[in-house]
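Protein chains in written order, with this note's numbering: chain A, 1171 to 1428; chain B, 515 to 1126.
Hints should not be assumed to be uniformly reliable.
Looking from chain A toward chain B, a few residues come up when the C-beta cut is under 8 Å (computed) [what the hints assert, rightly or not]: (1) ARG1186; (2) ARG1242; (3) PRO1357; (4) SER1358; (5) LYS1366; (6) ALA1402.
For the record, the hints were derived by calculation from the structure and aren't laboratory data. Using N, Cα and C, we set each Cβ at its ideal position, and we do this for glycine too.
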Amino acid sequence: MNVLVCVKHVPDTETRVKVAADGLHLDLGEANWVVNPYDEYAVEQGLQLKEKLGGEVTVITVGGDDATKSLRQALAMGADKAVLCSDPAFEDADPWSTARILAAAAAKLPCDLILSGKHGVGGDNQQVGSLLGQLMGIPVVTVVTGMDLEGTSLMLKREIEGGTEVVKASLPCVISCQKGLNEPRYPSLKGIMAAKKKEITAWKAADLGLDPATLAPSFQLKKMELPPPRPAGKILSGEIPDQVKELVKLLHDEAKAI
Amino acid sequence: MKYLDDARDVKFNLFEWLDLDTLLKAERYKEFDRETLNSVLDEALKVARGSVAACNESGDRIGATFDAGKVTLAPGFDKAYQDLAAGGWIAPTANPDFGGMGLPESVGTGISEFIMGANTSMSLTVLLSRGAAHLIESFATDELKAIYCEKMYTGQWGGSMCLTEPSAGSDLGDIKTKAVKQEDGSYLLVGEKIFITSGDQDLTPNIVHAVLARTPDAPTGAKGLSLFVVPKFRVNADGSLGAFNDVVCSNIEHKLGIHGSPTCSLVFGSNGACQGFLLGKERAGLLLMFQMMNAARYEVGVQGLGIASAAHQAALAYAKERLQGRSMTNREPQTGQVPIIEHPDVRRSLLMQSAYCQAMRALASYTGWCMDMAHITEGEEHDRWQGLVELFTPICKAWCSGWGFRVTEWALQTYGGYGYTCEYPAEQYLRDAQIACIYEGTNGIQALDLVGRKFRLQEGKPVKHLLGLAGKTAQDLAADPVLGPSAMQLGSAVKALGAVLTEIPAKDNAMLLTLLNAVPLLDMMGHTVSGYLLLQQAAVAKTKLAALLKDKGVDASDKAALRAALKDSAEAAFYNNKVQAAVLFAHRGLPLVGAQAVALRAGEVAPMETVF
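Working from the sequences, and respecting the hints, build out all of it.
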C-alpha cells in the first residue's frame, strides 16, 4: 500500500508567542519549529501500514525551505520519500490554496491512502484534509482513533462527543488522525543518518501546473492580538461570613462563574 | 517526573564554542554535519523527556526489587530501555563495525547529559553495557568480539563491571575471586562481588560481566589480577543462549538514592560451573580495566552535571512561580506577594547553580572534544590531546560530581520547606547525585590519581600546557571592559595554583603534603580549568550578544532599552546570562583557588598532628 502523509512545519507549542510590529503576523524568529504533533500519528500510521502490507510512505509539506527539517524527521522515522512544495506564491496560502497545492501534488504521486493530522497546531483551521478529499473526489474521515483494513476498505473509529463512531470507507480516501490512533515512534540514530541520504523532491507552482494568481488568500487577516494579561488577584479581608458574601458577589458579578 | 533540560547551552558548547568543523573534516566523522548532529541532539532529548523521564519517579518510589533470587526493575523501565535500544542510544559513539553509530564523543556528552539528567538509574544500565562491550572490543579475540559486541552495543544484552569485593574496594589489590584455566582455554571462576551496578536486571535476556579475578599462581596485589568476560548465560556457537553460567544475584542493596538501579551482590561459580574468557593477557587485568574505568569515570562526571542541571532547571521554574514576600523596592504589606525569583538571595543562588552547571558542562564538553581530537590525530599531536584527556578524567569525575551534588543542595534550598518534601523533585535529585562522588573510585581516589599519576604524565607537560593556556586567556581579556575584572581573577587563580605546584614538590615533606591535599588540589584544578573555559565562552557570548543587539538596533549603553531587548529575545537573554554566569563564577568560584592555596603554601599538617 502506498501512503501519502501530509505534514506541517509548526512552531513548538511551548514557544513564547509574540505579535509582530505590524499586528498581522506572529514574530516567530526565535521559535523552535517541529512537525505538527498530530501529523506524527499520521506518519506512524503510514509506517505501520507499510510494515504490514509493503509499499512506500511519502511525506509531503507546503512550506519554506526550513520545512525540510520536518520532512527529515518523518524520513528519520522511516518514511521513504519526501516532497517539499515551496514557492513564493505559497507563502500566504490559506487552507483552500494549501489543499489545492496538495491535490495537484497528489495527482503526481499515485497512492492508495492519504493521511494527515486532525489539525495543524497554530493555524487550527482543521480544513486542509477535508478540502483535499473534496478536491480529489474521494472520501474523507476525520478525527480517527482506530484503523483496520478490510479488503479494499478501511474500518475506522472516530472520536465523537461522548462516544465512538465506526465508519467504513473505501480506498483511496483521506484520513485525519487523532491522538490515540497509535504511539509515534522516536526517530532512531540510524534513521536520522539514513534520512540525510534520502532525496527531498522540491516542486514549485509551475511544476504543479498552478497559476500563482489563483493562490491569493480568500480572506484578509485584519488583526492579531494576544489574550489580555491575567488581572491581579484579589485578597478579601474582614470577617469570614462577610468574606464569603463578598466572594459569592464577585463570582457572580465580575467573574460570572456562577 | 518532568525533565527540564538545558539543551540551549548543550548546543552552545557544541555548535558555537568548540571547534566542531575540524572534527567534521576528519575522515572518521565525515558522515556527520551540523544539521544532522542538531537533529541527533533533538531526538535524544525527545527520548530523554519521554519514556526515560516518565519512569524516573517510579524508579525512586518503587525502585528495583529483589525476590526469590530475581531482580525486577520499576514499572516503565522496560519501555524506556526498549526506546533507548531501538533508537541506537545505548552506544551512539561506539564503533559502527560492531553496531555503534560512531558519533563524536563531544556529541555523546550532550546525549549522556540528557539521559542521565532525565533518569540517572536508567542511564547506568546503558553506561555499563557500552563500557563492558568496549572492553571486549578492545581486548578480546575476534571470536569473542563477534559473539558479544554488537549485541551489547545495540542493547540486546546488558553488561556490568565487577571489581569490588567485601574486603577489596578502593584497594583492588585484595581481590580474592579465583579463575582457574581449563583445558579448552576458558577459565572457571569462583568468588563473590558486591556493589555491582546492573549486575542483574530483567531488561535483557543475557548480562555480560567484566570480572577482575586472580589466577592460581598470580602474585598478590594489583599486579596479580586478570580480566575475564563472564556471561550470565553461556552462548552457543550459533549465538543463541545456552546453559545458565552459574552467576547468581544473592541480594541488592538498599540505598540513599538511585533506587531504580539494582546494586547487586553476585556469586560466581557456587556450583563450579561459571565459565569465563580471558581478556588480553593474564595479570594485565587492572591495566585493561582502567580503560573502562576511565570512560566510566568521565561519564560519572557527566552524571553529576546531568542531575545538577535538571535540579537547577526545576528550581528555576519553581522560583518563577512561587509567590512569597514583598519586592525589595516596595515592602508595603498591602502590595501583592512577588515571585521568589525577585529576591536577591534567591537570584544569587540560582545564578550560582547555573554558573556551576555551565562550568561542569564546559569541562565535560571540552574533555569530550579532546577525546575526539585524540581520535583524529597522530604522533605528538595525538599525545598532546590524549594527555589532556587523561589529566581531565579524574577532574571531570570528582569536580563535576562534587559540585554537582552541591548544586542539587542549592536547588533544594530554593524551594524552602517544600524542597525537603517528596512533593517536589529536589530531594530525589539530591539523593541520586551523591553516589557519583563515591562510585567508580571515590573522589578521594580521583584526587590521588590526579596528583600521583596525572600531574606527572608526560613529565608534567599537559598540566603546564593547560595553565599556560589559562594564563594567556587571562592576559588576552585583561583589558576587556566587561570581562577584564573576571580575567584578573583567573590570572590570580592560575598564579596561586602554579605557585602551589612548584613549591610543594620542593618541600621536605612533599609526599605527605601532596597526599594530605590531593582533594583540595583537584578542586583548585577544577575551578581554574572551568573558570578558564567559562571565560572563553563568555567572550563568544558577548560578541554574539553585541551582534544580536546591533541587528535589533538596540543601543547597549541605554540600560532601559537593553533590559527591554533582553526581555523580548530569549536568544539575547541567553548570551547575556552566559556572560553574567562567567562573571559570577570568576568572582565567587575562582577565589576558592587562592583560599585553598593558603593552607598548602603554609604547609599546614594539623590533621596529622590530631589524635582522633
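Against the structure, the hints:
1. ARG1186: holds, 7 Å
2. ARG1242: holds, 7 Å
3. PRO1357: Since the shortest Cβ distance to chain B is 5 Å, the answer is holds.
4. SER1358: At about 4 Å, which falls below the 8 Å cut-off, the nearest Cβ of chain B leaves the hint on A/SER1358 intact, so it holds.
5. LYS1366: holds, 5 Å
6. ALA1402: Holds. Min distance 6 Å.
The structure meets every hint from the earlier list without exception.
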